[in-house]
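Below, each chain spelled out in residue letters.
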Amino acid sequence: MTTQAWLLVAGAAVAAAGIVVSAVPRGLRSGLALQAFGVALIGVAGGLVVVGRAGVGSEFGNGLGPTVGIDPLSGFFIAAIAIVSTPALIYAGGYLSRSHNAPAIAAISGVFVLALIGVVIARDAVTFLMMWELMSVAPAVAILLASRSAETSRAVLVYLGSTHLAGVGVWLSILTLAHLGALTDPHALAAQPTLVRSLLAVAALVGFGTKAGLMPLHSWLPRAHPAAPAHVSAVMSGMMIKVALYGLVRMLFFWLAPLPDWVAPVLLGAAALSCVAGVLYALMQHELKRLLAFHSVENVGIIALGLAAALLAAAAGQRPLAALAFAAAMLHTLNHALFKSVLFLCAGSFQKQVGKLDLDHLGGLLRTMPLTGTAFLAGSMAIAGVPPFNGFVSEWLTLQALVQLALHGAPTDTAMGALAAAVLAATAALAVFCFVKVVGLVLLGAHRQKAVASSHEVPVSMTGPVIFLAGLCLGIGVVPGVVLGPIGHMSPYGPLPASLVGVTLAAPGSGAFAPLALAAVIAVCTAGLQLARRQAGTTAPSPMWICGQVPDSRLAWTSAGFTKSLRLVLAVVLRPRRTVSIELDGALVHSVVHESEVPHLFDEVLFRPALGRVLAASRILRRTQSGSLRAYLTYLLVTLAVVLAVVRVGLS
Amino acid sequence: MRGSILAVAVQLAGLVMAPLLPGLIQTIKARLQGRRGTSPLQPYRELRRLWHKRSVAPLDTTFMYRMAPSVSAAALVGALLVVPIGASTIGWFGSDMLVLVGLLALARFATAAAAWDPGGGFSLMGAGRDLMFSVFTEPLLLLALVLVAAGARSTDLIRMVAAASDAHVASLPAHWCAALAFGLVVLVETGRQPIDNPDTHLELTMVHEGPLLEYAGRDLAMLQWTSAARHWLVLMLAAGLFVPLPQTAPWNILALAAAVATLCAFIGVIESSLAKMRILRVPALLGAGVATCMIGLASWIAQGAT
Numbered sequence: 000m001t002t003q004a005w006l007l008v009a010g011a012a013v014a015a016a017g018i019v020v021s022a023v024p025r026g027l028r029s030g031l032a033l034q035a036f037g038v039a040l041i042g043v044a045g046g047l048v049v050v051g052r053a054g055v056g057s058e059f060g061n062g063l064g065p066t067v068g069i070d071p072l073s074g075f076f077i078a079a080i081a082i083v084s085t086p087a088l089i090y091a092g093g094y095l096s097r098s099h100n101a102p103a104i105a106a107i108s109g110v111f112v113l114a115l116i117g118v119v120i121a122r123d124a125v126t127f128l129m130m131w132e133l134m135s136v137a138p139a140v141a142i143l144l145a146s147r148s149a150e151t152s153r154a155v156l157v158y159l160g161s162t163h164l165a166g167v168g169v170w171l172s173i174l175t176l177a178h179l180g181a182l183t184d185p186h187a188l189a190a191q192p193t194l195v196r197s198l199l200a201v202a203a204l205v206g207f208g209t210k211a212g213l214m215p216l217h218s219w220l221p222r223a224h225p226a227a228p229a230h231v232s233a234v235m236s237g238m239m240i241k242v243a244l245y246g247l248v249r250m251l252f253f254w255l256a257p258l259p260d261w262v263a264p265v266l267l268g269a270a271a272l273s274c275v276a277g278v279l280y281a282l283m284q285h286e287l288k289r290l291l292a293f294h295s296v297e298n299v300g301i302i303a304l305g306l307a308a309a310l311l312a313a314a315a316g317q318r319p320l321a322a323l324a325f326a327a328a329m330l331h332t333l334n335h336a337l338f339k340s341v342l343f344l345c346a347g348s349f350q351k352q353v354g355k356l357d358l359d360h361l362g363g364l365l366r367t368m369p370l371t372g373t374a375f376l377a378g379s380m381a382i383a384g385v386p387p388f389n390g391f392v393s394e395w396l397t398l399q400a401l402v403q404l405a406l407h408g409a410p411t412d413t414a415m416g417a418l419a420a421a422v423l424a425a426t427a428a429l430a431v432f433c434f435v436k437v438v439g440l441v442l443l444g445a446h447r448q449k450a451v452a453s454s455h456e457v458p459v460s461m462t463g464p465v466i467f468l469a470g471l472c473l474g475i476g477v478v479p480g481v482v483l484g485p486i487g488h489m490s491p492y493g494p495l496p497a498s499l500v501g502v503t504l505a506a507p508g509s510g511a512f513a514p515l516a517l518a519a520v521i522a523v524c525t526a527g528l529q530l531a532r533r534q535a536g537t538t539a540p541s542p543m544w545i546c547g548q549v550p551d552s553r554l555a556w557t558s559a560g561f562t563k564s565l566r567l568v569l570a571v572v573l574r575p576r577r578t579v580s581i582e583l584d585g586a587l588v589h590s591v592v593h594e595s596e597v598p599h600l601f602d603e604v605l606f607r608p609a610l611g612r613v614l615a616a617s618r619i620l621r622r623t624q625s626g627s628l629r630a631y632l633t634y635l636l637v638t639l640a641v642v643l644a645v646v647r648v649g650l651s
Numbered sequence: 000m001r002g003s004i005l006a007v008a009v010q011l012a013g014l015v016m017a018p019l020l021p022g023l024i025q026t027i028k029a030r031l032q033g034r035r036g037t038s039p040l041q042p043y044r045e046l047r048r049l050w051h052k053r054s055v056a057p058l059d060t061t062f063m064y065r066m067a068p069s070v071s072a073a074a075l076v077g078a079l080l081v082v083p084i085g086a087s088t089i090g091w092f093g094s095d096m097l098v099l100v101g102l103l104a105l106a107r108f109a110t111a112a113a114a115w116d117p118g119g120g121f122s123l124m125g126a127g128r129d130l131m132f133s134v135f136t137e138p139l140l141l142l143a144l145v146l147v148a149a150g151a152r153s154t155d156l157i158r159m160v161a162a163a164s165d166a167h168v169a170s171l172p173a174h175w176c177a178a179l180a181f182g183l184v185v186l187v188e189t190g191r192q193p194i195d196n197p198d199t200h201l202e203l204t205m206v207h208e209g210p211l212l213e214y215a216g217r218d219l220a221m222l223q224w225t226s227a228a229r230h231w232l233v234l235m236l237a238a239g240l241f242v243p244l245p246q247t248a249p250w251n252i253l254a255l256a257a258a259v260a261t262l263c264a265f266i267g268v269i270e271s272s273l274a275k276m277r278i279l280r281v282p283a284l285l286g287a288g289v290a291t292c293m294i295g296l297a298s299w300i301a302q303g304a305t
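Here the protein sequences line up with chains A and B, keeping their order. The opening position of the first sequence corresponds to residue 0 in numbering that gives the first Met the number 0, with each subsequent residue numbered one higher. The opening position of the second sequence corresponds to residue 0 in numbering that gives the first Met the number 0, with each subsequent residue numbered one higher.
Extracted from the complex, chain A is given alone in its bound form (with noise of 0.2 angstroms):
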């Protein structure tokens, strides 16, 4: 055996170990810490493959026995799950202490990840649904052992649904794919005529797409995310989600081919959807989980523009624009995991600290929690795409994708580019919006409620990993060169140019880009101009100014007040409701009640009314299930009957 698959042996066992330990009283720290170390020594598997470019185990088989086996493509996906779940879990021993049914969510956070990277490794279709379903399943147990809400319980009933819905899909196109021997060979579909090539398409978009949350299909998503512990939560909505990417991936570049003309199209038209309507609905959210819930949904679309991109310009045999577009893509899912996982896992800290994570009951938590206040301006800064940090590069790889097709490709990938071009920096702007107004309301100004006032630092097993992964978020910013030479050695276009994987990334086509220059002389800049800054002097301390009004809590600004201009300029789009209510006790107003929501559209014009007619159906149907026992026997009866009838007359 090589280095690789002991490394993802011995990972396995002492991750397995860890899960055992956890659950066991007063094993919790160090369970934890067993299966985070496993996890690492898997992740160091898959880098190891990554970097070599040679698999290990077995290749894809269509057959039913369970094989197992890394590729490059896989190699990433494991680093990365790695990379965000090991220090996730080092975080799960502080934040879980003292909590509710904390061994229990301790061990089924290791099935979870383990269930990960499961699916990643497996090499048959029957280990692949399999692995796909206990990933599936375990997020929904931790959520119900963390709490027990009415409103819980709703969200992980309309997880599961979505779940069960987006598998249909996935098992279908799997199993069809293995049925057809095109797990293996690339070329089996070409004699399947286009409509089963489509249809398999239409399954994999659904099934994944769903899975990974993008528009149209992302409803379950801000009801799941928020609800898990806070460890859970980020490795749902750094890892989760790019697992089902990862199987868009696999469909979309490596089996499905000769892919139909409409799938690229329809992707990028999604993924932009996703893109603008995701951080549309988040600027709209006064929850920070659930805010940051929708940025998922963004960011995913962001990945799925730049695998759109890669479809697209391999279709027009435009493969090292392809090879770019791709690249782009898979550095903004290891960029999002890194940057949101340090966001979801910072949200923990905050709410372990203040108990509710309203908007407009924070502020002020840099000056009570400065480390990990920093570390959520880190991830803020990241996600919305400012340099010097990872955001940044590969959103800017992703636009340059789009804008060299549109540059270089036929009129309508001229169109298809420019305009998602356009979206994508509207996008861009918008999430500037967004984390201004995270910023300031959780981190910034005055203490809005005792709680925040009285809140401390956080132990450092729950400071340590959010500052390892806020540096990364910064490293990736700074030489993504060293990330971007790896990512190359899966793509489906072959290896990236020499010129675009140095310090300088020189895209063909583009004016380049020196992250590490540019990162230097803004710091130099920065500190320049703080000396000097400083040498001034600045006077005493004194209250603020604010025109000369009296500071009033009570005056303080809202998230609502935030965005208002925004909302009233979209109100077209985002129909917000508003109800004024005003109790007169003669002429005297005695109270004034104002409500406002900014309600989710795709829920109410699109799901709403189709969960309710399955509902209307169901209930039909329920009639048939009366429990009286005459009724089953006369169903036996008739099914009898029928059998009977079709034997005597036969089938065709």
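Since the hints were derived computationally from the structure, they do not count as laboratory data. Among these hints, one or two may not hold up.
Computed footprint of chain A on chain B, listed as stretches where at least three residues anywhere in the stretch have a Cβ under 8 angstroms from a Cβ of chain A [said to hold, decoys possible]:
# : segment
1 : 43-55
2 : 108-114
3 : 120-132
4 : 141-147
Every residue gets a Cβ at the ideal spot worked out from N, C-alpha and C, and that includes glycine.
Let chain A serve as the given structure and place chain B on it in line with the hints.
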């Protein structure tokens, strides 16, 4: 370094010369309105005055508040080093048009987030409006740049400037659409009428001045320089991308200076003749810009197809 030494020297000098542009616009405006006005050097005098004053750090503010002016100024320094002058640049970190978008976003993030620290109503109103505009400006800027890049077949600003100095771009409808759209971007980024009124300080309608209200001393000086640098950035880009300039060394700089001065005069005329729009109407104006870009894109595609 790419291109001529003289042009790169001008690029670096831009860091110092940037405050000239708002001063020039102010002077032109005053003359148009029949006043004598201030000298174009007035912004320097203000910067000097502020530089000798101490900064103010209100109670309950964090390092975000103290760092924001330096970070925005640093982002604009980076942006000025990206924008080529007469197809030349110092090129420390490339000359890509998409990097500019990121650097402007960094400056905006820093100032807008810092407005939350003191948390005053005027600051946050201004910050929220500025961010709301940016949601429409960024796609507009990108589409305008893409239309110019389409002519150069590259997103490299140097090639785009070189391609724009070719006379044949004047016959492309896409180029004219891009110029119109970019004009709107110039007005938004510089905070000029009809988008924002730079002459007001302390009014309910202010946008860009809002987040600056609490700052004083060197902090305010940095923020004022940042605003001036934003003028320099967009006007240099506008002159480079939409005015056909000669290619040879000393003449291109002189022509560029003349073009920028003309653009300043143009802004002065617009400021003197237009009233400020209602804030909620601004997105419609920017939307019209996006529609213009769409027409340009359609014309580009149609020309490419024939």
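Legend entry - Coverage criterion applied to the segment 108-114 of chain B (partner chain A; beta-carbon cut 8 angstroms; 3 residues): Coverage by chain A holds for the segment 108-114 of chain B (5 residues, Cβ < 8 angstroms).
Inset, instruction - Verify the coverage statement for the segment 43-55 of chain B against chain A, using a C-beta to C-beta distance below 8 angstroms and requiring 3 or more qualifying residues. - result: Coverage by chain A holds for the segment 43-55 of chain B (6 residues, Cβ < 8 angstroms).
Inset, instruction - Examine the segment 141-147 of chain B for residues whose CB is less than 8 angstroms from any CB of chain A, and state whether their number is three or more. - result: holds (count 3)
Inset, instruction - Closer than 8 angstroms, Cβ to Cβ, for at least three residues: run that test on the segment 120-132 of chain B against chain A and report holds or violated. - result: Coverage by chain A holds here, the residue count being 9 at a Cβ distance below 8 angstroms.
Figure legend: structure checked against the earlier numbered hints; every hint is met.
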